[in-house]
Structures are given as structure tokens and as C-alpha cells.
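**Q** In case it helps, numbering that gives the first Met the number 0 puts the sequence shown at residues 0 to 239.
The reader is advised that the hints may include incorrect statements.
[Stated by the list, open to error] Calculated cross-link-like contacts (lysine-lysine; reagent style PhoX-like; alpha-carbon spacing at most 20 Å):
#, residue 1, residue 2
1, Lys121, Lys235
2, Lys42, Lys120
3, Lys113, Lys177
4, Lys58, Lys143
5, Lys42, Lys21
6, Lys22, Lys33
7, Lys191, Lys42
8, Lys140, Lys121
9, Lys177, Lys143
10, Lys235, Lys42
11, Lys75, Lys121
12, Lys177, Lys140
13, Lys58, Lys235
14, Lys75, Lys33
15, Lys73, Lys42
16, Lys191, Lys209
17, Lys149, Lys73
18, Lys140, Lys58
19, Lys120, Lys140
20, Lys58, Lys42
21, Lys33, Lys58
22, Lys121, Lys42
23, Lys31, Lys58
24, Lys191, Lys177
25, Lys120, Lys73
26, Lys226, Lys113
27, Lys177, Lys149
28, Lys31, Lys209
29, Lys121, Lys143
30, Lys54, Lys21
31, Lys177, Lys42
32, Lys120, Lys191
33, Lys226, Lys121
34, Lys54, Lys33
35, Lys33, Lys20
36, Lys73, Lys31
37, Lys20, Lys120
38, Lys75, Lys113
39, Lys31, Lys149
40, Lys33, Lys21
What the hints contain is simulated information worked out from the structure, not anything from laboratory work.
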Amino acid sequence: MNIEERIFTKLFLNEAFVIDKKKLTEEVFHFKLKGDIRFSNYKPGQHLRLLLYPKQAGKLRDRVRTYSVWNYNKSKEGSVVDLAICTSSEGPGSRWALESEIGTPLFISDPLGKFTLEESKKSILFIGDVSALAHFYSFRKYRKENQSIKGIFYGTDETGLFQDFDGSRPFSFHPINKGNDLQFLNYCRELKFDHDTMIYIGGEGNMTVKLHNLFLRDLGVSRRQLKAKPFWMSGKTGLE
């Protein structure tokens with residue numbers, strides 16, 4: 000067993016299976032996966048790493064993809080986790096989402112990541128695209144009762160943004176065309192928020208960097224008040 004195999008053997012301890020699959024939009028599927036996943040130390044906003052095509056030969060890293068936990072439920076029979084998987088990138092994750100069916104096996108890590116809900120802040124401002132929408136919905140569900148949350152999502156078409164489990168779409172949408180993002184950046188420049196607001200930026204990598212620089216450098220937001228995470232990068236099939 001080589002070093003890569005040793006690392007991945009320790010990371011992907013949980014065997015899981017697809018128990019439900021539904022198409023939410025033209026490019027997004029809702030998956031329910033069941034397995035012995037440990038959520039005892041779960042923090043809202045953490046993600047899971049999935050090892051797809053576990054019986055396929057080749058480099059393991061090429062089959063690893065990362066998805067936010069939209070929702071989860073624990074029982075004596077195991078954990079069931081809800082994921083939203085986009086198929087627009089045409090990478091391994093997109094292909095798996097299109098090809099997989101009920102009963103398809105895979106391996107999953109325990110919850111990971113630090114792009115998590117900050118419960119000490121009075122309010123949350125979340126800016127992102129469809130790839131970060133399930134992440135926003137998890138914040139919405141697990142936030143404290145007195146914690147307000149505002150979502151601002153961008154994209155070429157609002158129809159690509161799926162509903163939360165309760166049927167709502169509690170965010171504002173701003174259309175943005177490729178190569179013409181100045182108007183959206185100027186809109187974000189005028190947003191009103193105070194020092195007790197935690198700002199999250201997630202989605203396409205280039206836009207995430209631009210928004211991060213806008214808030215940090217131009218608007219003088221403290222690093223302690225700002226978290227940013229690229230969920231995907233234009234021109235690449237994945238960040239792994």
C-alpha cells in the first residue's frame with residue numbers, strides 16, 4: 000500500500016450507499032446517502048469528502064470530491080445525509096451524479112472543514128452561487144433563534160437555484176454575465192452591515208477572490224469577521 004492509499008484508507012472509513020436521488024434543476028441533483036457516518040462533533044457548515052467509484056482503478060485523488068452537508072439525520076440503523084450535487088463542471092463528480100442510481104456504493108469521510116457557522120455573531124451575510132446554496136441552507140437551519148441571516152446569490156439564471164426543504168428560496172438573486180461582474184461588485188460595495196455580522200463568501204473561485212478582496216481591502220472588514228471559500232474554479236474539473 001503506497002502513501003496515498005494509506006492516507007485515503009484512514010480518511011474514508013465510512014461505507015455508504017445512495018438511497019434516493021432526485022433532480023432539482025437542470026444541473027443539480029439531491030442525493031440521500033446512508034452509512035455509518037459520525038456526526039457527534041458536527042459543526043454546521045462542515046463538508047464531507049466522497050470517494051466515488053470505489054472499485055475503479057487509477058489514482059484515488061482523481062475520484063475525491065467535496066460537498067457541503069445540506070442536512071443529516073441519525074438513527075440506530077445509521078446516518079442519512081442530504082447533499083446537493085451540481086453537474087455543470089463535467090468533472091468526475093458531475094459524471095458520478097449523472098450515472099449513479101439507488102444502491103450505488105461509495106466511501107465518505109467524517110465531517111470536515113472550518114467554513115462553519117459562527118454562533119456568537121448577531122447576524123449572518125452569505126454571498127455565493129448555486130454551488131454554495133446547500134451550505135447557506137444548513138446555516139439557515141442550524142443558526143440560533145435570535146440570529147438573523149441574509150443570503151445574496153448570483154448567477155446567469157435564477158431557475159438554477161433550488162428550494163430549501165420547506166419549499167422556500169429565502170435569498171435575493173442578482174444576475175451576472177460572464178466577464179461582466181463589475182455591477183455585482185458595486186452592489187456588494189454598498190451593502191449595509193455592522194461589526195456584529197459574520198460575512199461568508201462561497202462559490203466560483205475567481206468571484207470569491209474578488210469579493211474577499213472587496214470586503215477586506217476596500218471596505219476594511221476585519222479578517223475575524225470574514226470567511227471565504229472557493230467551491231469550484233472556472234476551467235477546472237475540481238479543486239481536489
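**Q** None of the hints should be skipped; say for each whether it holds.
**A** Taking the hints in turn, this is what the structure says about them:
At roughly 36 Å between alpha-carbon atoms, Lys121 and Lys235 are farther apart than 20 Å, so this suggested pair is violated. A threshold of 20 Å between alpha carbons decides the hint, and for Lys42 with Lys120 the separation of about 15 Å falls inside it, so the pair holds. With a C-alpha separation of about 29 Å, the suggested pairing of Lys113 with Lys177 is violated against the 20 Å cut-off. A C-alpha spacing of about 42 Å is found between Lys58 and Lys143, which places the hinted pair above 20 Å, so the restraint is violated.
With a C-alpha separation of about 26 Å, the suggested pairing of Lys42 with Lys21 is violated against the 20 Å cut-off. Under the criterion of a C-alpha separation no larger than 20 Å, the hint pairing Lys22 with Lys33 is consistent with the structure, at around 18 Å. Our distance criterion of 20 Å between C-alpha atoms is broken by Lys191 and Lys42, whose separation comes to about 28 Å. Between Lys140 and Lys121 the alpha-carbon distance is near 15 Å, which keeps this suggested pair within the 20 Å criterion.
Restraint check: the Cα-Cα separation between Lys177 and Lys143 comes to about 36 Å, which exceeds 20 Å; the hinted pair is violated. Distance hint between Lys235 and Lys42 is unfulfilled; the C-alpha atoms sit about 29 Å from each other, more than 20 Å. A hinted pair counts as satisfied when its Cα atoms are at most 20 Å apart, and Lys75 with Lys121 does not qualify at roughly 36 Å. Annotation: proposed proximity of Lys177 to Lys140 is violated, straight-line Cα distance about 32 Å (limit 20 Å).
Simply put, Lys58 and Lys235 have alpha-carbon atoms about 17 Å apart, close enough for the 20 Å limit, and the pair holds. Of the supplied pair hints, the one linking Lys75 and Lys33 holds, its CA atoms being roughly 12 Å apart against a limit of 20 Å. Note on Lys73 and Lys42: the hinted pairing holds, with a Cα-Cα distance of about 15 Å set against a maximum of 20 Å. Using a Cα cut-off of 20 Å, the hinted pair Lys191 and Lys209 holds, with the two alpha carbons roughly 18 Å apart.
Simply put, Lys149 and Lys73 have alpha-carbon atoms about 28 Å apart, too far for the 20 Å limit, and the pair is violated. A distance of roughly 37 Å separates the Cα atoms of Lys140 and Lys58; the hinted pair therefore is violated under the 20 Å criterion. Of the supplied pair hints, the one linking Lys120 and Lys140 holds, its CA atoms being roughly 16 Å apart against a limit of 20 Å. With a C-alpha separation of about 30 Å, the suggested pair Lys58 and Lys42 falls outside the 20 Å cut-off, and the hint is violated.
Annotation: proposed proximity of Lys33 to Lys58 is violated, straight-line Cα distance about 25 Å (limit 20 Å). Among the hinted pairs, Lys121 with Lys42 is consistent with the structure: their alpha-carbon atoms are about 18 Å apart, no more than 20 Å. Of the supplied pair hints, the one linking Lys31 and Lys58 is violated, its CA atoms being roughly 26 Å apart against a limit of 20 Å. Restraint check for Lys191 and Lys177: the C-alpha separation of about 26 Å exceeds 20 Å, so the hint is violated.
Distance hint between Lys120 and Lys73 is unfulfilled; the C-alpha atoms sit about 28 Å from each other, more than 20 Å. Between the alpha carbons of Lys226 and Lys113 the distance comes to roughly 9 Å, so the proposed pair stays at or under 20 Å and holds. Pair hint Lys177 plus Lys149 does not hold up; C-alpha atoms about 24 Å apart against a cutoff of 20 Å. For the given pair, Lys31 sits about 34 Å from Lys209 by alpha-carbon distance, which is inconsistent with the 20 Å threshold.
Taken as a hint, the Lys121 and Lys143 pair is honoured in the structure, with Cα atoms around 9 Å apart against an allowance of 20 Å. For the hint pairing Lys54 with Lys21, the CA-to-CA distance comes to about 24 Å; that exceeds 20 Å, so the pair is violated. The hinted pair formed by Lys177 and Lys42 fails the criterion: a straight-line CA distance of about 34 Å is larger than 20 Å. For the hint linking Lys120 to Lys191, the alpha-carbon distance of about 16 Å falls within 20 Å, and the restraint holds.
Between Lys226 and Lys121, the direct Cα distance comes to roughly 16 Å. Compliance with the 20 Å bound is thereby established for this hinted pair. Between Lys54 and Lys33 the alpha-carbon distance is near 19 Å, which keeps this suggested pair within the 20 Å criterion. The suggested pairing of Lys33 with Lys20 holds, with an alpha-carbon distance near 12 Å, which does not exceed 20 Å. Only pairs whose Cα atoms come within 20 Å are accepted, and Lys73 paired with Lys31 is accepted, the gap being roughly 13 Å.
Taking the CA atoms of Lys20 and Lys120, the gap is about 35 Å. The hint is violated against a cut of 20 Å. With a CA separation close to 28 Å, the supplied pair Lys75 and Lys113 exceeds the 20 Å bound. Under the criterion of a C-alpha separation no larger than 20 Å, the hint pairing Lys31 with Lys149 is inconsistent with the structure, at around 27 Å. Between the alpha carbons of Lys33 and Lys21 the distance comes to roughly 15 Å, so the proposed pair stays at or under 20 Å and holds.
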